[in-house]
Amino acid sequence: MEYKKVCLMYRHEDYAVDGIRSALGLAVENMYAYGVVMDTELPPFDEHGMETIEMLRDMEGDILTTVPANVEKCDFTAITIEELGEKLREMTHIIPYGIK
Amino acid sequence: MKILNVYRSEPDETVKKLVEIVTRDRESMSFDLNVEAPDYDKLVDMIFEADQTISWW
Amino acid sequence: MAKSLGIFVTTESCMKHVMGITKAAKAKGSNVKVFFTWKATHLAKDPAFPELCEIADDVSICVDSYKKQGYDIEDIPKGLTVKKMATQAQHGIIIEDFDCYLSL
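Residue numbers (the working numbering), protein chains in the order written: chain P, 8 to 107; chain U, -19 to 37; chain V, 856 to 959.
Keep in mind that the hints were calculated from the coordinates and are not lab data. Warning: the hint list may mix true and false statements.
Simulated coverage check for chain P against chain V, where a stretch passes if three residues somewhere in it have a Cβ under 8 Å from a Cβ of chain V [as the list claims (entries may be wrong)]:
id	segment
1	15 to 28
2	64 to 70
Straight line, CA to CA, 20 Å or less: simulated SDA-like cross-link-like pairs of lysine to any residue [unchecked claim]:
id	chain 1	residue 1	chain 2	residue 2
3	P	Lys12	V	Glu951
4	U	Lys(-18)	V	Lys939
5	U	Lys(-18)	P	Lys107
6	P	Lys11	V	Phe904
7	V	Lys923	P	Glu97
8	V	Lys939	V	Glu929
9	P	Lys11	V	Ile950
10	V	Lys888	V	Leu959
11	V	Lys923	V	Lys888
12	U	Lys(-4)	P	Arg96
13	V	Lys922	V	Glu951
14	P	Lys12	U	Val(-1)
15	V	Lys871	V	Pro932
16	P	Lys94	U	Phe28
17	U	Lys22	V	Leu959
18	V	Lys888	U	Thr3
19	U	Lys(-3)	P	Asp53
20	P	Lys12	U	Ile1
21	U	Lys(-3)	P	Lys11
22	P	Lys107	U	Lys(-3)
23	P	Lys107	V	Leu959
24	U	Lys(-3)	P	Gly92
25	V	Lys888	V	Phe904
26	V	Lys858	U	Thr3
None of the values given here were measured: they were computed from a predicted structure. Using N, Cα and C, we set each Cβ at its ideal position, and we do this for glycine too.
Bound-form chain P, shown alone (with noise of 0.2 Å):
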């Protein structure tokens, strides 16, 4: 069986949260689920938050981010559009999630 490979991208903090649980949903229904922040800042992630993504790396997923902030601040995984193209390349379903 192929495992499908989904990334999802939020551009809109409002979506964002919301965004990485979908993430996170899919990683749940046997999925190589990954989510990328894009031009949004987000504040630092509360302990359920940091849990999610501890959930979703332990599944092999993982959450990125082309913000530098991010990675300092919600420990997300850095990389640039190019590798951010790259790596879409691979995927079997592209979400542009929300509004940009």
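Let chain P serve as the given structure and place chains U and V on it in line with the hints.
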């Protein structure tokens, strides 16, 4: 691999860059949803024809 | 036979597109499933929502999002049943089981 890029708004530089990389060496088509009266019938045909549809912000 | 289509809705201003695409896909004999999450759960109160529930094969919303958007989960939108007040697993079904995928 045939990719359909659907644009929900005018694509900015970020979207253009990602589309350029994702569609490199692949067949691609595009559909602009950001118009007064989109041709939904045509869009559905394109979705059925594509191997992957990406609906950009 | 027409391909099946799953639509994942995350934004609030796209009901016209959801309706237009669903109608066009159904006219081609497609099996259409629509799942609304986060801010898009406001669309469950759109006047066109009951009609969407009639023409699509399956419509559901994320009940957790609906609650977070300020609605009472006992207030089931017209066209839905309790069973269709669902979880993110519905998104998983769209990805796994449908031929074509569209996010709006």
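Hint by hint, here is what the structure shows:
1. Only residues whose beta carbon comes within less than 8 Å of a beta carbon in chain V count, and the segment 15 to 28 of chain P has 5; three or more means the coverage holds.
2. Coverage of the segment 64 to 70 of chain P by chain V is violated. Counting CB-CB distances below 8 Å, 0 residues qualify, and the rule asks for three or more.
3. A hinted pair counts as satisfied when its Cα atoms are at most 20 Å apart, and Lys12 (chain P) with Glu951 (chain V) qualifies at roughly 11 Å.
4. Between the alpha carbons of Lys(-18) (chain U) and Lys939 (chain V) the distance comes to roughly 33 Å, so the proposed pair goes past 20 Å and is violated.
5. Straight-line distance between C-alpha atoms of Lys(-18) (chain U) and Lys107 (chain P) comes to about 25 Å, which puts the hinted pair past the 20 Å bound.
6. Under the criterion of a C-alpha separation no larger than 20 Å, the hint pairing Lys11 (chain P) with Phe904 (chain V) is inconsistent with the structure, at around 30 Å.
7. A C-alpha spacing of about 33 Å is found between Lys923 (chain V) and Glu97 (chain P), which places the hinted pair above 20 Å, so the restraint is violated.
8. A distance of roughly 12 Å separates the Cα atoms of Lys939 (chain V) and Glu929 (chain V); the hinted pair therefore holds under the 20 Å criterion.
9. For a cut-off of 20 Å, the pair hint linking Lys11 (chain P) to Ile950 (chain V) stands: about 8 Å separates their Cα positions.
10. With a C-alpha separation of about 13 Å, the suggested pair Lys888 (chain V) and Leu959 (chain V) falls inside the 20 Å cut-off, and the hint holds.
11. Note on Lys923 (chain V) and Lys888 (chain V): the hinted pairing is violated, with a Cα-Cα distance of about 23 Å set against a maximum of 20 Å.
12. About 15 Å separates the Cα atoms of Lys(-4) (chain U) and Arg96 (chain P), which keeps this hinted pair within 20 Å; it holds.
13. For a cut-off of 20 Å, the pair hint linking Lys922 (chain V) to Glu951 (chain V) is broken: about 26 Å separates their Cα positions.
14. Annotation: proposed proximity of Lys12 (chain P) to Val(-1) (chain U) holds, straight-line Cα distance about 18 Å (limit 20 Å).
15. Under the criterion of a C-alpha separation no larger than 20 Å, the hint pairing Lys871 (chain V) with Pro932 (chain V) is consistent with the structure, at around 18 Å.
16. The straight-line distance between the Cα atoms of Lys94 (chain P) and Phe28 (chain U) is roughly 24 Å, outside the 20 Å bound, and the hint therefore fails.
17. Restraint check for Lys22 (chain U) and Leu959 (chain V): satisfied, since their Cα atoms lie roughly 17 Å apart, inside the 20 Å limit.
18. With a CA separation close to 27 Å, the supplied pair Lys888 (chain V) and Thr3 (chain U) exceeds the 20 Å bound.
19. Taken as a hint, the Lys(-3) (chain U) and Asp53 (chain P) pair is broken in the structure, with Cα atoms around 33 Å apart against an allowance of 20 Å.
20. Of the pairs offered as hints, the one joining Lys12 (chain P) and Ile1 (chain U) holds, with about 18 Å between alpha carbons and a cut-off of 20 Å not exceeded.
21. Distance hint between Lys(-3) (chain U) and Lys11 (chain P) is unfulfilled; the C-alpha atoms sit about 24 Å from each other, more than 20 Å.
22. This hinted pair checks out: Lys107 (chain P) and Lys(-3) (chain U) have alpha carbons roughly 15 Å apart, not beyond 20 Å.
23. Restraint check: the Cα-Cα separation between Lys107 (chain P) and Leu959 (chain V) comes to about 12 Å, which is no more than 20 Å; the hinted pair holds.
24. Among the hinted pairs, Lys(-3) (chain U) with Gly92 (chain P) is consistent with the structure: their alpha-carbon atoms are about 8 Å apart, no more than 20 Å.
25. With a C-alpha separation of about 14 Å, the suggested pair Lys888 (chain V) and Phe904 (chain V) falls inside the 20 Å cut-off, and the hint holds.
26. As the CA atoms of Lys858 (chain V) and Thr3 (chain U) are separated by approximately 23 Å, the hinted pair breaks the 20 Å bound.
When the structure is compared with the earlier hints, violations turn up for hints 2, 4, 5, 6, 7, 11, 13, 16, 18, 19, 21 and 26 and for no others.
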